[in-house]
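K.L.:
Spelled out from the first residue to the last, the chains are:
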Amino acid sequence: MPERTLAVLTLDGVRVMVPAGTTVLAALQNAGLSPLRRSLSGEARGALCGMGSCYECRAVVDGQTVRTCLTPVQDGQNVRRLMEVNREV
Amino acid sequence: MKSDPWDAVVVGAGPAGLMAALTAAQGGLRVLLLDSQPTAGGQIWRGAAAGQRGVAGDLLRDAASHPGITVLSGAEVIAAAAGKPHVLTVTSPSGLTHVHAARVILATGATERFLPFDGWTLPGVVGAGGLQAMSKGGLDVRGKRVVVAGSGPLLLAVAAGLRQKGARVLAVVEQAGLPQVAAFGVAAARLPGKAAEALGLAAGLRGVPYWADCAVVHASGQNQLQTVTLRRGRCEVTLTCDYLAVGFGLIPETRVAALLGCSLDAQGAVEVNVWQATGVSGVYAAGEVCGIGGVDGALLEGFVAGCTASGQIERLHDAPRRAEIQRRFQSTLERSFALRPERLPTPSSQTIICRCEDVRHGELQPFTNWTAAKLQTRCGMGACQGRVCGPATETLYGWKFSGVRAPLAPLPLSQLLSEPNTLSPP
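Protein sequences appear in the order of chains A and B.
All the letters of the first sequence, read from the start, carry residue numbers 0 to 88 under numbering that gives the first Met the number 0.
All the letters of the second sequence, read from the start, carry residue numbers 0 to 425 under numbering that gives the first Met the number 0.
Take these hints with a grain of salt, some might be off.
[Stated by the list, open to error] Covered stretches of chain A (chain B as the covering partner; in silico rule of three or more C-beta atoms under 8 angstroms from a C-beta of chain B): (1) 21–35; (2) 38–44; (3) 48–57.
These are computed hints drawn from the structure, not numbers from a lab.
Each residue gets a CB set at the ideal place from its N, CA and C atoms; glycine is no exception.
So that you can see chain A by itself, here it is in the shape it has in the complex (with noise of 0.2 angstroms):
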C-alpha cells in the first residue's frame, strides 16, 4: 500500500491531504467533520458499521452519492457531506 503519498481532497470546501490508502469516510472524521447527515428527526448522525452496512457515512463524492467508508481517497475529490448539501438546498 503507498502509504507515503498523499491526495489532495476538498471536503466541505476545504483542501485537506491525506494519505493515499485512507477511505473518505477516515478522511472526514480527521478532519472533525463526522456528523455526516441529519435524520429525518433532524438528529445529527455519523457512520455507524464501518464496513458498508448501517449506510450512514453517505456523502456526495464528485456528484455521486457513496458510502464513504467504501470510497477510498483519490487526487482531485470533491467531498460534501448531507449536511451541508441539505444546508444548501
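Position chain B relative to chain A; hints supplied.
P.N.:
Just chain B, lined up with the frame of chain A:
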C-alpha cells in the same frame, strides 16, 4: 445474451473466500472473486498487504497472482437467480454486470449486531468491529478515549488493536458473566496456535479494566457522544469518552444466499453439509455466513468448499477431524457469549430503533411481526434496508426478519437504465 459461464464465482474476499477461490483455482477452475470492499482481505484482514508475513499475506499474494483467478473489487451482488448456470447481477463503479456461474461459493461473512439504547444514534457511537474497520481505513484514534462494550471475543481484539494505534481504552464491557468468559478462554487455548494469540492479546490489554456482567444503559451528548453510562452490579458508572465502540456479536450475512434459495438454520446461518454444499445444486458456502466461528474455521471451510467445488476430494482427508475441532470451538463461543436479556441495553419508548426512518421503540411495540411493522411504520425501509434494525428487532421483539429481495443495494438510476455488461472468463 448468452455467455460462457465461469466455473466458479466466489462472493466475498475475506479469509474464507480467498481460500475457496485459491483452492478451486488450484483444481483447474476459472474463478471470479467478487468483493464489495476496494481491496481484498475482508474485515479481519482489512489493510493487510499481499506478501506480508503470515497467513493473510501469503493468501492475498497467492490469490492475486494465480492465473485462474479474476478479482473484481468494489463489486456487490444486487440480484441472484439459481439455475444452470446461476446468474448473479453485480453493481460496481463500472456499471451493472451479469455474471454466469456454473458454481457459486458464498463467503459473504457477517455483520455486527447493534442493540438500540438512548443515545446510540449520536456520532461517536460506532460498532466495535466498526471502529476497528474505521481505524484500519485511516481514522486517527491516537489519544482518543474509547469504551468498548457489548459481547464476544471481538471486543478484546478490537480493544487491543485500538490501543496499539494509540487510543486510550477506558474499559472493555462484556454482558456475559466471568465464568462463561473463562470457559471460552479455556476452549480457545486448546486450539492449536490460539494460546500464543491469547497471550499476545492479554499483553496488549494490560491495565485495561475488563468488566464482565456489565450492561450499557445510555449514551449522552450534544450532536456528538460525550458520556456513556454503564450498569455494574447495582451501581451505575458514567465515563467521559470520544468513542463508544459497541457490538453484540455477529450475524451471518445471508442476503445473496436467500436470493439463491439456500435454507437457513435456527441461528440464521446458511445450512451446509460436511462438504460445505448448500441444498441448492452448485451453491457452496464457507466462513461466517455458515455460523460465527472465527478466522481458522473460515479458512478451513473455504478450503473444503474450494476442494468440493473443484472435485479435489483427495485433498480433504484431514478435513473432518479439523472441522470437528472448529465446531466444538464454535459451540463454546455461542454458549459463552449467549445474549442475556437482563444484561442488554434496554430501549425507552423514545429510543430510535430504525435509524434510516427514525422509527422509535414506542411505535414498534404494538406490532407482532416484522412485515406488519414495516408496512405501518416504514421500519427497515430506509437506505440500509433493515441491515441494522432487522437483527435488533429479532433480539428485542423476537421477530423474524424476512422479505429479502433484489436489488440488495440502492442503485444509481443511470445503472438501472443502461444495458448491463456481461463478464465472461478470459
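K.L.:
So, for every hint listed, does it hold in this structure?
P.N.:
Okay, the hints, checked on the actual structure:
Counting residues of the segment 21–35 of chain A whose beta carbon lies closer than 8 angstroms to any beta carbon of chain B gives 10, which reaches the threshold of three, so the coverage claim holds. With 6 residues having a beta carbon nearer than 8 angstroms to a beta carbon of chain B, the segment 38–44 of chain A meets the requirement of three or more and the stated coverage holds. Taking a C-beta to C-beta cut-off of 8 angstroms, the segment 48–57 of chain A contributes 9 residues in contact with chain B, enough for the three needed, and the coverage statement holds.
In summary, the structure agrees with every hint in the numbered list given earlier.
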